[in-house]
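Asker: Sequence:
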Amino acid sequence: MLERRITFYCGEAGLPSYQLNQLKKLTTYFQSKVELFNVSQLTRAPISQPLKMLSLANKPHALCQLIIQGNDAELANLVLTDFIGQYALSLSQLSPSLPFKISFPLTSISYDDCSASHCSDKADTIAQLSQMLVAQHVISSEQQPALRQALLARETISATVMGPGIALPHIMHEMIATPAIAIVCHHQSIDWGSSRGNITRAIAMILPKPPPKAVIMAFAQFSKCLLNDDYCAALKFAQQPQELKALVIEALR
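Residue numbering for the sequence shown follows my numbering, starting at 106 and increasing by one per position.
Keep in mind the hints are simulated off the structure, nothing from the lab.
Here are the simulated lysine-lysine pairs, DSS-like style, with alpha carbons at most 25 Å apart:
1. 329 with 318
2. 329 with 157
3. 157 with 129
4. 164 with 130
5. 329 with 164
6. 329 with 341
7. 341 with 138
8. 164 with 138
9. 314 with 329
10. 157 with 138
From just these sequences and the hints, can you work out the full model?
Answerer: Okay, structure coming up:
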């Protein structure tokens with residue numbers, strides 16, 4: 106069964122009932138099942154249930170996804186993406202912008218779409234993540250080997266697979282002045298040495314030691330979201346850097 110997702114921010118009024126009714130009518134032209142997933146609430150509901158839909162999409166600027174599952178999901182995705190683009194901010198239609206700068210609680214988030222040729226296992230992935238943090242100017246090139254070794258040493262304690270398909274390599278270290286995140290995406294799953302299975306997303310989070318309280322709270326909230334299967338599925342199906350970054354930022358709030 107095909108699955109496609111449309112990630113978007115609702116407008117200032119959310120998605121009003123008349124827009125939801127239009128959306129519901131559009132979905133009747135397709136065989137695919139369509140659900141709305143509110144990322145901040147970690148709650149989903151079928152488009153066919155307007156009252157539940159209204160409770161999920163009535164908040165200003167809420168981050169949501171349309172989850173489309175079925176044999177005609179590709180066609181439904183094209184039509185519904187066009188509809189969402191008229192009434193909300195569709196992240197699928199934005200041009201990528203790297204690095205993605207935010208003021209709290211991280212300095213920036215960087216992203217790399219890793220090909221199997223240069224990033225084929227855990228060690229390669231961690232090396233790539235640490236190099237991305239150099240590019241962010243979070244650490245110097247001289248510090249990169251030490252950071253890479255620290256991340257690998259953390260993995261020897263226990264593999265950092267959190268939810269299905271998602272690894273969260275993380276450390277606190279004296280060399281880190283400001284917290285940051287780097288994300289590597291794999292087209293093919295790779296072995297992370299965990300009984301929870303292989304991964305397609307590696308999200309490195311590095312924190313200063315000791316970390317500020319606000320950073321610890323954000324990290325705890327993010328870790329909690331990674332235990333939610335719906336949230337992990339949203340990360341795995343995100344195809345654009347801006348979608349991934351929006352999903353991560355929402356979980357840090």
